[in-house]
Amino acid sequence: MKRIFDEIHGNIELDDIAVKILDTPVMQRLRRIRQTSLAFIVYPGATHTRFSHSLGTYQLANKIGSRLVNEGVLSQEELELVKVTSLIHDIGQFPFSHAVEGYYIKKGLSNKDVRAYILHSSLGDEIEDAGIDPKRLRTIFDGNGLMTSIVDGEVDVDRMDYLVRDSRHSGVQLGHIDLDRLIFTVNYREDGISVLDKGMISLENFYIARLHMYQAVYYHKTILGYELLLRSIYSRLVEECETEMRDPSSVVEMISSNSFPYWDDEWLFGALYRCYSENPNSDLGQMIKDFLDRRGPKVIYEEINYDGGSPGNLEEITERLERGGIPRESIYPFEETISIMNKDKIKVISKGKEIGLQSYPSLLNRIPSSLTLRRVYVDREFVKRARELV
1 MKRIFDEIHG NIELDDIAVK ILDTPVMQRL RRIRQTSLAF IVYPGATHTR
51 FSHSLGTYQL ANKIGSRLVN EGVLSQEELE LVKVTSLIHD IGQFPFSHAV
101 EGYYIKKGLS NKDVRAYILH SSLGDEIEDA GIDPKRLRTI FDGNGLMTSI
151 VDGEVDVDRM DYLVRDSRHS GVQLGHIDLD RLIFTVNYRE DGISVLDKGM
201 ISLENFYIAR LHMYQAVYYH KTILGYELLL RSIYSRLVEE CETEMRDPSS
251 VVEMISSNSF PYWDDEWLFG ALYRCYSENP NSDLGQMIKD FLDRRGPKVI
301 YEEINYDGGS PGNLEEITER LERGGIPRES IYPFEETISI MNKDKIKVIS
351 KGKEIGLQSY PSLLNRIPSS LTLRRVYVDR EFVKRARELV
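Take the sequence shown: its position 103, counting from 1, is numbered 103 in full-length UniProt numbering, and each next residue is one higher.
Treat the hints as calculated values from the structure; they're not laboratory data.
Remember, predicted model here, so these are calculated numbers, not experimental data.
For every residue, glycine included, the Cβ atom is placed at its ideal position computed from N, Cα and C.
One or more hints might be untrue.
Stated by the list, open to error - In silico BS3-like cross-links for lysine-lysine, where the CA-CA straight-line distance does not exceed 30 Å:
1) 289 to 198
2) 221 to 347
3) 298 to 107
4) 347 to 112
5) 347 to 63
6) 63 to 343
7) 20 to 107
8) 198 to 343
9) 112 to 345
10) 20 to 63
11) 289 to 347
What the hints assert, rightly or not - With beta-carbon atoms standing in for the labels, derived distance ranges:
12) 329 to 277: 14 to 24 Å
13) 239 to 355: 55 to 65 Å
14) 387 to 239: 47 to 57 Å
15) 336 to 246: 21 to 31 Å
16) 246 to 329: 10 to 20 Å
17) 336 to 388: 42 to 52 Å
18) 144 to 279: 41 to 51 Å
19) 19 to 257: 44 to 54 Å
20) 145 to 293: 23 to 33 Å
21) 47 to 240: 21 to 31 Å
22) 356 to 269: 47 to 57 Å
23) 72 to 240: 14 to 24 Å
24) 20 to 387: 53 to 63 Å
25) 143 to 5: 26 to 36 Å
All chains, please: the whole structure from these sequences, using the hints.
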């Protein structure tokens, strides 16, 4: 048994299995992967890591799982599975997370794929030596059962931790999430959650915070602009400077050769410095300099829709900008729909009866289920011209 102090949860007690897993290089790598990617560009305090977040999800999984064991819902063996699954859920994250992952997703490799490869590697052997079958962990990650609902569901331990942690470190205070209240009023099911009516205010605060954090932090217009710039830089970087990382098979090879743990945020910064020093006057060198000097692209068009809304036409805007003389490589269109909640998966227990969320008077019925963002960014030297064209 080992104890680690966490700024969110206080003392976290780690059992022998957790300590063994945490001591592996692939878990130590998460100390060098920032939890919120490039959010520190706007919020200087947001430099916390996926390692601390993993500890937080482990702690919440232990609390929720222990409660469910006491209620006879989970067995002790299933509790151990939930704890380990929560602890390792982020092992497949790329350097700077989604900024770099976007390059590999286009080539068919996601962070979930990387996680699966890692579970087939030496980490899987360590877990098996600790008495846990890695196949059962993969079943939880890929399934839709009760344990999956705790780890990756509507009100899962991942979201419960990162909403509170990211708010703390960014300084963006968007309401209070009462984690203890959620832990003891939310019931997990294979098809979603049911919540006691006395926990509804806490659940409402959870989803309101989720919506606002996506708007104010995760998809903040400046932060997203730098992520799009870094993604563009990375696609050029692997063609001109770090060519061995061009193909997704190189990531799989790193896992096999046990060099993956050293492919982290610091590696990417080092690659940027090397490439810039070798090619300072190239187009790529200028892009890297703009990124490091915080001279990223600016938004010249933005559209926000809730629960669908009217579709925009980013392709038309992009073509208009190109016709106006702005180079295609200096235009960064972005469109994404973000799920906030699945109302069909939320039930309320009121007066001893379970009813659908829509039948219960709750603020949740007025919160959008999804948020669609459409933006177009351009490099700074073209902002004035682009705004005239749009």
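>> Quick check: does the Cβ-Cβ distance between residue 47 and residue 240 fall within 21 to 31 Å?
In response: holds (29 Å)
>> Between the alpha carbons of residue 347 and residue 112, is the straight-line distance 30 Å or under?
In response: holds (29 Å)
> Does residue 20 pair with residue 63 here, judged by a C-alpha cut-off of 30 Å?
Replying inline: This hinted pair holds, its Cα atoms lying about 20 Å apart.
>> Check whether the Cα positions of residue 289 and residue 347 lie no farther apart than 30 Å.
In response: violated (51 Å)
> That 44 to 54 Å hint for residue 19 and residue 257 (C-beta), does it hold up?
Replying inline: violated (26 Å)
> Is residue 289 close enough to residue 198, meaning Cα to Cα at most 30 Å?
Replying inline: violated (53 Å)
>> Against the 30 Å threshold, does the CA-CA distance of residue 221 and residue 347 hold or violate the hint?
In response: Roughly 34 Å between the alpha carbons, so the hint for residue 221 and residue 347 is violated.
> residue 20 and residue 107: Cα distance at most 30 Å?
Replying inline: Given pair residue 20, residue 107 is violated - Cα atoms ~34 Å apart, limit 30 Å.
> Do residue 144 and residue 279 keep their Cβ atoms within the hinted range of 41 to 51 Å?
Replying inline: Once the Cβ atoms are compared, 48 Å apart, the range 41 to 51 Å for residue 279 and residue 144 holds.
> Taking the CB of residue 239 and the CB of residue 355, does the distance hold inside 55 to 65 Å?
Replying inline: holds (56 Å)
>> Can you tell me whether the CB distance of residue 387 to residue 239 sits inside 47 to 57 Å?
In response: violated (31 Å)
> Taking the beta carbons of residue 145 and residue 293, is their distance inside 23 to 33 Å?
Replying inline: The hinted range 23 to 33 Å is violated for residue 145 and residue 293, with Cβ atoms some 49 Å apart.
Hint compliance for this structure: hints 1, 2, 7, 11, 14, 17, 19, 20 and 23 are not met, and every other hint is.
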